[in-house]
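Chains A and B supply the protein sequences, listed in that same order. Under numbering that gives the first Met the number 0, the first sequence is numbered contiguously, ending at residue 255. Under numbering that gives the first Met the number 0, the second sequence is numbered contiguously, ending at residue 129.
Simulated from the structure, these hints should not be mistaken for lab results. This structure is a prediction, so every number in the text was calculated from the model and none was measured. Accuracy of the hints is not assured; some may be wrong.
[Unchecked claim] Pairs of lysine to aspartate or glutamate, DMTMM-like flavour, derived with a Cα cap of 25 Å:
no., chain 1, residue 1, chain 2, residue 2
1, B, Lys35, A, Glu235
2, B, Lys45, A, Glu235
3, B, Lys45, A, Asp176
[Claimed, not checked] Okay, the calculated bits of chain A under chain B, using three or more residues with CB under 8 Å as the criterion:
no., segment
4, 75-89
5, 231-240
Backbone N, C-alpha and C define an ideal beta-carbon position, used for all residues, glycine too.
Okay, here's what each chain looks like letter by letter:
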Amino acid sequence: MKKQWISSAAFTIALAMTIGYTTQAQDTGPRLPDGKPDFSGIYTQPATVNATGPRGNLIFNADKMAPVKPGAESLLYHPRTGDTRLDEPRAMCLPSGFPSGMLYILPIQIVQNPKYVVIIPELQRAARIIPTDGRPHREGIEPTYYGDSVGKWDGDTLVIDSVNFKPWILDDYHYTDPTKSRWHTDALHTTERLKRAGNKLQYQITIDDPKIFTRPFSQDFELTLRPDWDKMGLLEYVCEENNRCAGGNCRDSAAK
Amino acid sequence: MTRGGLLILTIGLSFVIGSPILRAHHSEAAEYDATKPVKVTGTLSKVEWANPHVWFYVDVTEGGKVTTWGFSTQPPGALMRRGVTKDALKIGAVVNVEGIRARDGSNNGSMRRMTFADGTQVLTPAESAR
């Protein structure tokens, strides 16, 4: 009997400790007056969780992608053409687009109110203005580099649904392989899930491109909140200011 | 060889294949030729603290003739958040720069390593900075 009591007490203590730990580990940070988590702040670039391969923090890992449909390899990988606008668009100051524009070495700021979440990568300062008031995707808009995004809350997780993309580079794969670049099609549909855990923002992107892949696949990233970067804030980023060797032809400096 | 500067320019695939510094980086294939490494020593003559990449210029003196080389490195934002500001690049400082040459053959390149005379390196290799 005594043995049973001790064992039961130990179990209760262990359970209490586990609950306490879990509560601490799931600290979801500050909240807006409407009770939703407030993600506002400046964060580090997303870093791949369990990154592998070259430039592993900043591109999708091929070994975690879904299988490519038969015959669709050429939609995913485009051989280098010699036209920099296609091979390495950012080198010509063309947009990185989404998701590529989220995966770069510069910080990302999130500004939030009850109606919108605005995600601003310092790279090209291309603000993604994401309504969270329940509206549907816009109709009659031509496809864009960053797609059309709407957000909704699933408990403490912000879920961003994006469609209507222009076919464009998927990520910075071309910096790891000089023979080709990696693309998505106009069928791309992404789902992002963002959740605060302490000073981290857990960030999952699900890629669904049914013209290329047999099924959707997800990759996990993590951003770190950097309150110490608030004072400096995001810096201006005018790519054309001094892109001296665009396309391989260096010109005189334009910087003043 | 003069006191003002030393220019060593080596072009050759065999060197590149054996270079762990270059192999550690992305291709930058549109602008720079990874098969054409460049290494110069000279004085820092100009800094452009601008996007998409900071550029700095090095005056290299050889045989009484001054040649100016330009090198790109990381974006200003990436350097500043590591605590590196424009003030870290003093005009007149003697620097040694290793990089790869621009495809058009001009005296420009992408920096791989920049070292001051005292051995310090404030601009770490520009990994992932394109």
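Results of checking the hints against the structure:
| no. | hint | result |
| --- | --- | --- |
| 1 | B:Lys35 / A:Glu235 | violated, 33 Å |
| 2 | B:Lys45 / A:Glu235 | holds, 21 Å |
| 3 | B:Lys45 / A:Asp176 | violated, 33 Å |
| 4 | 75-89 | holds (count 5) |
| 5 | 231-240 | holds (count 8) |
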